[in-house]
Every structure is written in structure tokens, then in C-alpha cells.
Amino acid sequence: SAPQAMAPGGLSGGPAPVGGGFGRSLAMIGLGGGAVKAFDFLQSRRVQKDHERELHKLQTTVAVKRAETEQYGTQLQTCYQTVRSLQNALYESEQEALQRDYEEFKAPDSDGDERISMYEFGAYIKNYMKAYPHIPEDDYPTFSDFDKNGDGTVTFKEWQAYLQAQKKEAKASKESTKGYEALSDTASSSQSFQEMYAKLKAAGG
90 SAPQAMAPGG
100 LSGGPAPVGG
110 GFGRSLAMIG
120 LGGGAVKAFD
130 FLQSRRVQKD
140 HERELHKLQT
150 TVAVKRAETE
160 QYGTQLQTCY
170 QTVRSLQNAL
180 YESEQEALQR
190 DYEEFKAPDS
200 DGDERISMYE
210 FGAYIKNYMK
220 AYPHIPEDDY
230 PTFSDFDKNG
240 DGTVTFKEWQ
250 AYLQAQKKEA
260 KASKESTKGY
270 EALSDTASSS
280 QSFQEMYAKL
290 KAAGG
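Numbering (our numbering), first residue to last: 90 to 294.
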């Protein structure tokens, strides 16, 4: 028989083998590489979504904490304002009480020298007794009750000290041991200083 013609490249002619070992290996390598790439892509997307989810949770937590901090700051500011208001009210109350005490102190100070002499004190008590005859004489304080240093005059500081002592005693026992509490305890007195002084002046003639 005649020899078969050689295909180009020195290979014998005829149909090329299908599914040869080398080609199949290349095809499998190509398919495997694509699968790896697809897996890597899916894994990357999954990691990215997890990251975005965690970032969203973190942002939400930060926003909540910021809102809570602002709320606490507002509440704290309100507390500060309340404390300041109470301090101002207390200061004003103390100033009003001080002014009332001073007005009471000035009532017997007839010569206006900021001191009450024994004579001025006696005249004041005498007028007070005329205005309030129902109070026993023994219930009135004496000049020495005010004049603690014994110098013969009563200063506003000594006057205040006596009033404060009377108020403390009244709180502790709730029973007055001296009729002068009605005059000294201005916080619970129902009549104003002006009314009391008007009665004293009228009684003194």
C-alpha cells in the first residue's frame, strides 16, 4: 500500500485526538482556576458585608451613646440650674430675715447710734407690755439676756445671737419659755413689724 501523507509538522494525518490527556489537564486547570476566583470573590463579598454590618452596628452604638450623653448633659445642666435657683432663694430668704431682724433691732434704738442702751431697752419693753398686757411680765427677757459681754449696750450682733438662740430653743422644745419669742421669732409671727411698731408707738403715747 502507498504510504500515508504526513501532516504538517511531521505528524501523521487524520483526525486530532479528542479528550487527550494534556488538553484535558489544561481544561481542568482552567475550570479549577475559575472556581477559585469565584470562591475568592464570594468570600470577599461575604467579608465586606460582615464588615459593613459591624460598621453599621458600631455607628448605631456611637449614635445612641452620643444621644445618651447629650441627655445626661441636659439633665446635669437642669440640676445645676435648680441648685443655683435654690441657693438664690435661700440667699434672698436669709437676706429678708436679716432685714427683719435689723428692723426689730432699730425699733428700741431711739437715738439711732446702732446700740441699745439699758434705758432704751427698758422703754421698749415697757411700751411692748402696754401693747400686749396679756403676756406676764416674768416672761419678758431681761437686758442681760441680750448684753452678753456686759458692756451696758446691745449691738445688732448680740441682738441676733439672742434671736437665734430663741429660735433653736423653740424648735427643740416647741414650747416657749419666754414671752419674748412672739417678738423674736419673726419667721412664725403673723403680724408685720410695721403693725407691731405702730401699736408700740400708740401705747407709748
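Hints listed in this document are in silico derivations from the structure and should not be mistaken for laboratory results. A quick note: this is a predicted structure, and the numbers were derived from the prediction, not measured. Possibly wrong hints are sitting among the right ones.
Derived pair list, reagent style DSS-like, types lysine-lysine, alpha-carbon separation capped at 30 Å [claimed, not checked]:
| # | residue 1 | residue 2 |
| --- | --- | --- |
| 1 | Lys215 | Lys246 |
| 2 | Lys219 | Lys154 |
| 3 | Lys237 | Lys257 |
| 4 | Lys215 | Lys154 |
| 5 | Lys146 | Lys195 |
| 6 | Lys257 | Lys219 |
| 7 | Lys195 | Lys215 |
| 8 | Lys154 | Lys138 |
| 9 | Lys138 | Lys195 |
| 10 | Lys215 | Lys257 |
| 11 | Lys257 | Lys195 |
| 12 | Lys215 | Lys260 |
| 13 | Lys237 | Lys215 |
| 14 | Lys260 | Lys219 |
| 15 | Lys256 | Lys215 |
| 16 | Lys260 | Lys237 |
| 17 | Lys256 | Lys237 |
| 18 | Lys237 | Lys219 |
| 19 | Lys195 | Lys154 |
| 20 | Lys246 | Lys219 |
| 21 | Lys256 | Lys246 |
| 22 | Lys246 | Lys260 |
| 23 | Lys246 | Lys257 |
| 24 | Lys219 | Lys195 |
Quick list of the computed label-pair ranges, beta carbon to beta carbon [stated by the list, open to error]:
| # | residue 1 | residue 2 | range |
| --- | --- | --- | --- |
| 25 | Gln166 | Ser199 | 17 to 25 Å |
| 26 | Gln164 | Ala212 | 54 to 62 Å |
| 27 | Pro225 | Lys246 | 49 to 57 Å |
Where is the CB? At the ideal position from N, CA and C, for every residue including glycine.
Right, here's what the structure says about each hint:
no.	hint	in the structure
1	Lys215 x Lys246	holds, 23 Å
2	Lys219 x Lys154	violated, 72 Å
3	Lys237 x Lys257	holds, 18 Å
4	Lys215 x Lys154	violated, 72 Å
5	Lys146 x Lys195	violated, 73 Å
6	Lys257 x Lys219	holds, 28 Å
7	Lys195 x Lys215	holds, 16 Å
8	Lys154 x Lys138	holds, 24 Å
9	Lys138 x Lys195	violated, 85 Å
10	Lys215 x Lys257	holds, 26 Å
11	Lys257 x Lys195	holds, 23 Å
12	Lys215 x Lys260	holds, 28 Å
13	Lys237 x Lys215	holds, 21 Å
14	Lys260 x Lys219	holds, 28 Å
15	Lys256 x Lys215	holds, 23 Å
16	Lys260 x Lys237	holds, 22 Å
17	Lys256 x Lys237	holds, 17 Å
18	Lys237 x Lys219	holds, 27 Å
19	Lys195 x Lys154	violated, 61 Å
20	Lys246 x Lys219	holds, 27 Å
21	Lys256 x Lys246	holds, 15 Å
22	Lys246 x Lys260	holds, 21 Å
23	Lys246 x Lys257	holds, 17 Å
24	Lys219 x Lys195	holds, 19 Å
25	Gln166 x Ser199: 17 to 25 Å	violated, 52 Å
26	Gln164 x Ala212: 54 to 62 Å	holds, 58 Å
27	Pro225 x Lys246: 49 to 57 Å	violated, 29 Å
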